[in-house]
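Number of protein chains: 2
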Amino acid sequence: MPAKLQLIPLGGLGEFGLNMMAIRYGEDIVVVDAGLMFPEPELLGVDIVVPDVSFLLENRPKVRAILLTHAHEDHIGALPYVLDDAPAPVYGTAFTIAMVEARLAEHDLLDSTRRMVVRAGEPFQVGPFSIEYIHVTHSIVGACAIAISTPAGVVIHSGDFKIDPTPSDNNPFDLHKFADYGRRGVLALLCDSTNVDRRGHTPSELAVRPRFDDIFNQAAGRLYVCCFTSSIHRIQLALDMAREYGRKVAFVGRSMERNTEIAHRLGYLDIPDGLLLRQADLRTAPREQTVAVISGSQAEPLSALARAAVNNHRSVEIAPGDTVVLSSRIIPGNEKQIYRMIDHLYRRGAHVIYEDEGGPPVHVSGHASQEELKLLVSLVRPRHFIPVHGEYRQLCQNAALARSLRIPKLEAHVALDGEILELDNQGLTRTGTAPIGHVLIDGGSADELVEDVVIRDRRHIAADGIVLPIVAVNPQTGRVHTPPEIVTSGFISPELADDLLGRARDLVRETMEGCSSEERSDGSLMKEKIRRDLKRFLQKQTNKRPLILPVILEV
Amino acid sequence: MPAKLQLIPLGGLGEFGLNMMAIRYGEDIVVVDAGLMFPEPELLGVDIVVPDVSFLLENRPKVRAILLTHAHEDHIGALPYVLDDAPAPVYGTAFTIAMVEARLAEHDLLDSTRRMVVRAGEPFQVGPFSIEYIHVTHSIVGACAIAISTPAGVVIHSGDFKIDPTPSDNNPFDLHKFADYGRRGVLALLCDSTNVDRRGHTPSELAVRPRFDDIFNQAAGRLYVCCFTSSIHRIQLALDMAREYGRKVAFVGRSMERNTEIAHRLGYLDIPDGLLLRQADLRTAPREQTVAVISGSQAEPLSALARAAVNNHRSVEIAPGDTVVLSSRIIPGNEKQIYRMIDHLYRRGAHVIYEDEGGPPVHVSGHASQEELKLLVSLVRPRHFIPVHGEYRQLCQNAALARSLRIPKLEAHVALDGEILELDNQGLTRTGTAPIGHVLIDGGSADELVEDVVIRDRRHIAADGIVLPIVAVNPQTGRVHTPPEIVTSGFISPELADDLLGRARDLVRETMEGCSSEERSDGSLMKEKIRRDLKRFLQKQTNKRPLILPVILEV
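Those protein sequences? They're chains A and B, same order as listed. Those letters in the first sequence? Residues 1 to 555, per the working numbering, in order. Those letters in the second sequence? Residues 1 to 555, per the working numbering, in order.
These aren't lab readings, by the way, just hints derived from the structure by calculation. Any given hint could be a false lead.
Note: identical chains are not told apart, hence a pair may lie in one copy or across any two.
[Said to hold, decoys possible] Straight-line alpha carbon distances no greater than 30 Å define the calculated DSBU-like cross-link-like pairs of lysine-lysine that follow: (1) K540 x K374; (2) K4 x K62; (3) K374 x K336; (4) K374 x K248; (5) K62 x K374; (6) K336 x K535; (7) K4 x K177; (8) K62 x K336; (9) K4 x K374; (10) K374 x K409.
Make a model of the complete structure from these sequences and hints.
This is how it looks when you write it as structure tokens:
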């Protein structure tokens, strides 16, 4: 009896982020992606969330490879933690592997991890799997779908994609390869669901150019272009425009500097000689002749732009007449902190351009809209269509969209994390469940905190108790109302608490006093600062790392 | 020496909500609007936020009138609290006053408050002010701008508006009246800034009709139309469509029932005989012949639709094949809880239609976009242009937009809450500041909790301490991990705490156990339930009302 083909989604089906799918044939497993999720900005005192990979730990000897589709955090960010439980060779395109290496180095995992650079269109063998990367267009370079041929049939994982007929690097989506697979027969297509609720086509990356042209043409002072630090296409556009309009460029923000360095080294970023400035030179260079390409598009509390917005960045000072462009999506949940940052930028006298309606776009999505999704399904004509990369509603909508095409024999299935799907040409059976869950990681650091990159360990929530610093602030004036309070649970014995918590209260007061009233009026920034300072203090004093949940009361 | 004209913004300038503006000439003050703000959904254990009106309290004998532009919560919601400090006659159109009366009755303020129904185009005198309401188009009926003529000049407050050439009630925006005032000379225009970042024109209310037509045409099972409960135009459209497609209609949700009753009584809602069903009849009426017009567009945890989505509503059960239409805006900050509700609706098997891109809209905004704002300024040609109703960036953008029109002598000023602006034809002077702030109200109730409508009192945060119930839940399975913890600060003496908090922990456990795993996986719903139950318990036991901030750890 031939072995069965199983798909085991370990993350990303029914949630935003944590993308990870195990594919098993007999005694062999390959894993597609190992993504993280960013925690709710409001509450959790943790840095990142990674999937529970007990399933891989149990099956550790069977895991042959981790195949990465592209280098976005929600596809590679959990890799260092996954490798602990399932050390296996890691495959990806050159850019993806380079991005991964930077991360592995931070975790001291570089030597122990085999990295395999693959090229689209050049199949390779892993155990019983014949694997081919297929070039797709997406908001990051080096993005691929993956076709995995097994004795039971071919599985194609779309990765993240849009079908851009005019990508800025002239390297289009490989329609022909998908058509080839479709002609020969595909057992299952696992398909990105991110933009399934958008009609029509997602605009090409090219659509941003007219708006950038307009912005560069009008900008009087310094120009700040803020985008996702992995948006190499967008960064290239900013560089091209800067050259055209006679401005020099500085990269600002740790991940912006790192990612552009990698992209440049690999030939994905074309930087003419003499175009770049060092960040420190921004202090003296003429404002109207410079562009800062800067990180912090989600207004992460310690990111470069968020710091500059409250006038607290070592080399960037935003002045009246400057223009700030947010060339990025607002990730749901971040709206309030982003609008707060924009308000701060206006207080600095800057003009801020962000996503709006009508007119040419300042940002385009990297994910396929409905007509592109239909096109992919029509090309691949799979026996089984399984939406991935989406919350429940998006998976349902994507399945309905595929069914609406009335492709003969196509079955669309909504599956969720942890369901073990066994499939062949007869059908799909849900044969059991695998353990899944969220593992919260506390110990990382925000973008700019180089000094904080320490050994990161994984710990389940509240093993060391919970500490809640409570501060009452007037959001208009930034005035602190009462002395800070600290309440704890499961952290320290009452007899020891008085002295320690007294000193902790002093520390919180000092943190508050060390900030400008503008900073103090920004709840999410203050929470992050209080959490960071208190974490260091408590760890030093008690060698414990409680969960710290700052509570800012706006009164 | 003639008296000076002063504008004193007490809320809404530099924040979203709390709209309130005092206008003073000599010894007389009128107040335009008295709005509330809804607290952050994530953190605050309070129901609503109202402006600090110490300024009015200090000037109590001078306050001649409270003039309401329209009946949205962010314009009338603070009225019961404001009347405590500044009892004055309340003016508004018939619909606005009727909506206010419902609220005043709950607060037992009906007898003590003079209500004056005014009509657009019929000026009246209040002290030295000659006041005229001007009809505008907006997402609520009975919306007006207000022109206030003083010996120092005319001030026009736009209220909330768009310029809709085809409103569904054929009662268009009164362009001519604004033109008249503009011709005679206007000292100051206070102007809505909500949609200043949108280009072009806001689509007419009429633009929703084709989409509704399509939805009614396609819907197989029961149809649920969810919109803001004050969107009388939208509700009328749902009624018209229901009649056309042979469906009967039930109103579901307390404020939906109340508001439609008021609108019907005043002739704003045309309901043919025999069209309405009682809510209870939804249990037995044929699904394909019924529409439920239901509240809960922001997925407020205890609203009708949010309850139905987790199958916990007494008369509404959503079944596979039903269609749910969210015909409303997603208010920033509510994204996550709304998408969570949509996921629950999909789990019930419903098809959900919500705001998307491309194609005819399922919702249109009630606020003016850039071209409409330009038109209003061009008609009124004020000496001073002062943006209101917006966060800081929006005020800046609106001021810049007005300046871009190059109207002779027009000066645009960005002012913030609490700044006292003194103005005449010579210019605008900032002469001082008035006390402002946020007063947090705990003691109200959510939409459906009729039994909870008790005397609401105002209290500053933390007067009775803080109680933080902490529960760890697996968001995928809804499983509760560890027994609930409760930590407190400033609430109860340690010797009394053990017993009380032990019982409080039991109560929280019972609350959790009384919920389905689907409900337990919904953090915001659980927070609201825990808060409600714990509040009752603690109030009964201690006669105190601490601030209760439930913490749900997703593990």
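Hints, one by one, checked against the model:
1. Within a single copy, K540 and K374 get their C-alpha atoms no closer than 56 Å, and across copies no closer than 59 Å, so neither meets the 30 Å cut-off.
2. Taking the shortest alpha-carbon separations for K4 and K62, only the intra-copy value of 15 Å comes in at or below 30 Å, while the best inter-copy value is 83 Å.
3. For the homomeric pair K374 and K336, the shortest alpha-carbon distance between copies (27 Å) is at most 30 Å, but the shortest distance inside one copy (34 Å) is not.
4. In this assembly of identical chains, the alpha carbons of K374 and K248 never lie at most 30 Å apart, being 43 Å within a copy and 37 Å across copies at closest.
5. For the identical chains of this complex, K62 and K374 are neighbours neither inside a copy (35 Å) nor across copies (67 Å), given an alpha-carbon limit of 30 Å.
6. Proximity of K336 to K535 under the C-alpha cut-off of 30 Å is found in both arrangements, the shortest distances being 25 Å within a copy and 28 Å between copies.
7. Proximity of K4 and K177 under a CA criterion of 30 Å is satisfied intra-copy only: 26 Å inside one chain copy versus 77 Å between copies.
8. In the homo-oligomer, the alpha carbons of K62 and K336 never lie at most 30 Å apart, since the shortest distance is 45 Å inside one protomer and 38 Å across protomers.
9. Only within a single protomer do K4 and K374 lie at most 30 Å apart by alpha-carbon distance; the minimum there is 29 Å, versus 66 Å between protomers.
10. Within a single copy, K374 and K409 get their C-alpha atoms as close as 16 Å, which meets the 30 Å cut-off; across copies the closest is 57 Å, which misses it.
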